[in-house]
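*Asks:* Model the full assembly from the supplied sequences, consistent with the hints where possible.
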Amino acid sequence: MNKIEKIQRWLADNNQDIALITDPKTIQYLTGFYSDPVERVLMVVVFKDKDPFIFGPALESEAIKDTGWTNPVYGYLDHEDPWAMIADQVHARNTDETHFAIEKSQLAVDRLESLESVFSDGDFSANLTPFIEKMRLIKSADEIEKLKIAGKWDDFALQKGFEAVALGKTEDQIAADLQYALMQNGIMELSFP
Numbered sequence: 001m002n003k004i005e006k007i008q009r010w011l012a013d014n015n016q017d018i019a020l021i022t023d024p025k026t027i028q029y030l031t032g033f034y035s036d037p038v039e040r041v042l043m044v045v046v047f048k049d050k051d052p053f054i055f056g057p058a059l060e061s062e063a064i065k066d067t068g069w070t071n072p073v074y075g076y077l078d079h080e081d082p083w084a085m086i087a088d089q090v091h092a093r094n095t096d097e098t099h100f101a102i103e104k105s106q107l108a109v110d111r112l113e114s115l116e117s118v119f120s121d122g123d124f125s126a127n128l129t130p131f132i133e134k135m136r137l138i139k140s141a142d143e144i145e146k147l148k149i150a151g152k153w154d155d156f157a158l159q160k161g162f163e164a165v166a167l168g169k170t171e172d173q174i175a176a177d178l179q180y181a182l183m184q185n186g187i188m189e190l191s192f193p
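Numbering-wise, the UniProt record's numbering puts 103 at position 103 of the sequence shown, and it's gapless, one number per residue.
Treat the hints as calculated values from the structure; they're not laboratory data.
Please note that the accuracy of each hint is not assured.
Each computed DSS-like pair below joins lysine-lysine, with the alpha-carbon atoms no more than 25 Å apart [what the hints assert, rightly or not]:
no., residue 1, residue 2
1, 25, 50
2, 25, 3
3, 25, 146
4, 104, 25
5, 104, 3
6, 146, 134
7, 152, 139
8, 104, 50
9, 3, 134
*Replies:* In structure tokens:
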């Protein structure tokens with residue numbers, strides 16, 4: 001069972017109809033796509049018994065598809081109303097669902113109010129956050145393999161960092177040596193500067 005299917009099962013088990021996922025890190029965890037569009041809307045909409053879709057800025061649509069996401073992707077332009085467009089996509093699936101699960105730890109009040117305005121009969125009391133947190137604790141075989149690879153490169157970086165330390169070298173010079181060693185091995189970006 002994949003991650004989206006686990007959410008669908010949770011929805012069914014908890015008498016919820018739709019999950020509205022808005023945390024960029026959760027979206028990345030579920031889909032492989034990461035973006036933090038700041039004031040723009042990015043959302044994965046998961047139905048308990050229908051295919052999910054991703055909704056976001058139109059400029060991101062192709063990047064979302066490039067991650068391998070095979071379900072629909074809908075984009076919007078800055079002059080369009082994203083909330084009405086999300087509601088249109090939900091209603092286009094001939095749904096009359098009213099029970100929405102949200103990430104209460106992440107969804108801003110103004111965005112919740114926007115959702116309430118387009119889903120006037122909606123109940124947004126279900127909190128999906130604890131379930132997502134629990135999902136993230138239990139690693140799949142693929143995630144374990146990625147952690148092992150990351151650990152290998154972490155060990156490599158520490159070794160190269162220790163080797164770069166020398167009397168008279170500045171911190172910037174050491175950082176440059178470390179970054180160069182990583183780039184020589186195909187690691188072009190660091191998780192943090």
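*Asks:* With reference to the structure, classify each hint as holding or not holding.
*Replies:* Comparing the hints with the structure gives:
1. Between residue 25 and residue 50 the CA atoms are separated by roughly 23 Å; this keeps the pair inside 25 Å, and the hint holds.
2. Of the supplied pair hints, the one linking residue 25 and residue 3 holds, its CA atoms being roughly 14 Å apart against a limit of 25 Å.
3. With a C-alpha separation of about 17 Å, the suggested pairing of residue 25 with residue 146 holds against the 25 Å cut-off.
4. Taken as a hint, the residue 104 and residue 25 pair is honoured in the structure, with Cα atoms around 14 Å apart against an allowance of 25 Å.
5. The suggested pairing of residue 104 with residue 3 holds, with an alpha-carbon distance near 19 Å, which does not exceed 25 Å.
6. Between the alpha carbons of residue 146 and residue 134 the distance comes to roughly 19 Å, so the proposed pair stays at or under 25 Å and holds.
7. Of the supplied pair hints, the one linking residue 152 and residue 139 holds, its CA atoms being roughly 18 Å apart against a limit of 25 Å.
8. Only pairs whose Cα atoms come within 25 Å are accepted, and residue 104 paired with residue 50 is accepted, the gap being roughly 23 Å.
9. Simply put, residue 3 and residue 134 have alpha-carbon atoms about 12 Å apart, close enough for the 25 Å limit, and the pair holds.
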